[in-house]
Amino acid sequence: MQFSDKIRKIEFDMSSGASQLARKALHVLRFFAKTSENKTRRGFVEDFSKVGRRLFEARPSMAPVRNLVAQIVYEVNTLEEHDLVFVRRLVISRIDELCKESRIAVKKSAELAATIITDSDCLTTCSYSSTICETLRLAKQQGKSFKVYVAESRTDDNKFQYGQILARFLKSMKIPTEVFPDNEICRYVQKTKYVLVGADSVLCDGSIINGTPTHKVAIKAKECRIPFYSVCETMKVNALSFLGKNTELKEGFEFIPSNLITGIITEKGFLDANTIVEIMKEKSKFFEIFHIK
Numbered sequence: 001m002q003f004s005d006k007i008r009k010i011e012f013d014m015s016s017g018a019s020q021l022a023r024k025a026l027h028v029l030r031f032f033a034k035t036s037e038n039k040t041r042r043g044f045v046e047d048f049s050k051v052g053r054r055l056f057e058a059r060p061s062m063a064p065v066r067n068l069v070a071q072i073v074y075e076v077n078t079l080e081e082h083d084l085v086f087v088r089r090l091v092i093s094r095i096d097e098l099c100k101e102s103r104i105a106v107k108k109s110a111e112l113a114a115t116i117i118t119d120s121d122c123l124t125t126c127s128y129s130s131t132i133c134e135t136l137r138l139a140k141q142q143g144k145s146f147k148v149y150v151a152e153s154r155t156d157d158n159k160f161q162y163g164q165i166l167a168r169f170l171k172s173m174k175i176p177t178e179v180f181p182d183n184e185i186c187r188y189v190q191k192t193k194y195v196l197v198g199a200d201s202v203l204c205d206g207s208i209i210n211g212t213p214t215h216k217v218a219i220k221a222k223e224c225r226i227p228f229y230s231v232c233e234t235m236k237v238n239a240l241s242f243l244g245k246n247t248e249l250k251e252g253f254e255f256i257p258s259n260l261i262t263g264i265i266t267e268k269g270f271l272d273a274n275t276i277v278e279i280m281k282e283k284s285k286f287f288e289i290f291h292i293k
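Residue numbers (this note's numbering): 1 to 293.
In case anyone wonders, no lab produced these hints; they're calculated from the structure. One thing to keep in mind: the hints can contain errors.
Claimed, not checked - Calculated pairs, DSS-like style, for lysine-lysine (alpha carbon to alpha carbon, straight line, at most 30 Å):
(1) 245 with 193
(2) 193 with 171
(3) 222 with 171
(4) 9 with 107
Stated by the list, open to error - Label pairs and their in silico Cβ distance ranges:
(5) 277 with 36: 32 to 40 Å
(6) 2 with 182: 33 to 41 Å
(7) 43 with 143: 52 to 60 Å
(8) 173 with 40: 47 to 55 Å
For glycine and all other residues, C-beta sits at the position ideal for the given N, C-alpha and C.
Model the full assembly from the supplied sequences, consistent with the hints where possible.
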């Protein structure tokens, strides 16, 4: 499969969460590092950066894709090693490391979020999030008994119902689950103790970007004074937001303002505004490799 096809698969992948897609993007770069026919270090780095740029632009609403791709491209460009064979090995090893760190961060975020869940709880979620799947799986594994209401999260073209994908996973874990139509959000949210959703991006003011119909769910939770939590790893922070750039909202994604969010749970605990900015500042340096400042 050509690199264009691999990148296109990531661009149009509608069944994976943002963290999963970020790791898939890294795997494309790993495949390049392993198979490229470049004979010089300079040629290798230039072509690696070109593939990285295309992956960086493939999913603009998903911060971890951009963060991880920018980081590895930055690191490759700043390597002091000149031997091409050694550079390839370093790149492959570093990509494996970043993928492992990503999986660990997702698991830690889920572990912290699972502590919120107690016996007999009824909660609402929507869209699809691998982190929410892991959170609920861990809570079930801990012996907790709870029920989940899932908004069907239907796309505008009716091709996908992300809530159904999530529900199938929950039912496979024998977690009591009920999928409800998106037009009945008001009726179901008010029956729950709290809302748990994932996030595709966290912006510098503490707002998030997530799949439809998260905004409607958040509004209803606020009206009913029901806690609304977003669960994600810190790799979801959107450094472009820190740099003052507008974040493109692709079809099927929504902006949820910080005043509708009770808390953002990450592998480092609850994120406050200062911590978000610190993380963004750290990650924004990687974006310089794509001439974004």
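| Which numbered hints are broken by the structure, listed smallest first? | Hint 1 contradicted; others consistent.
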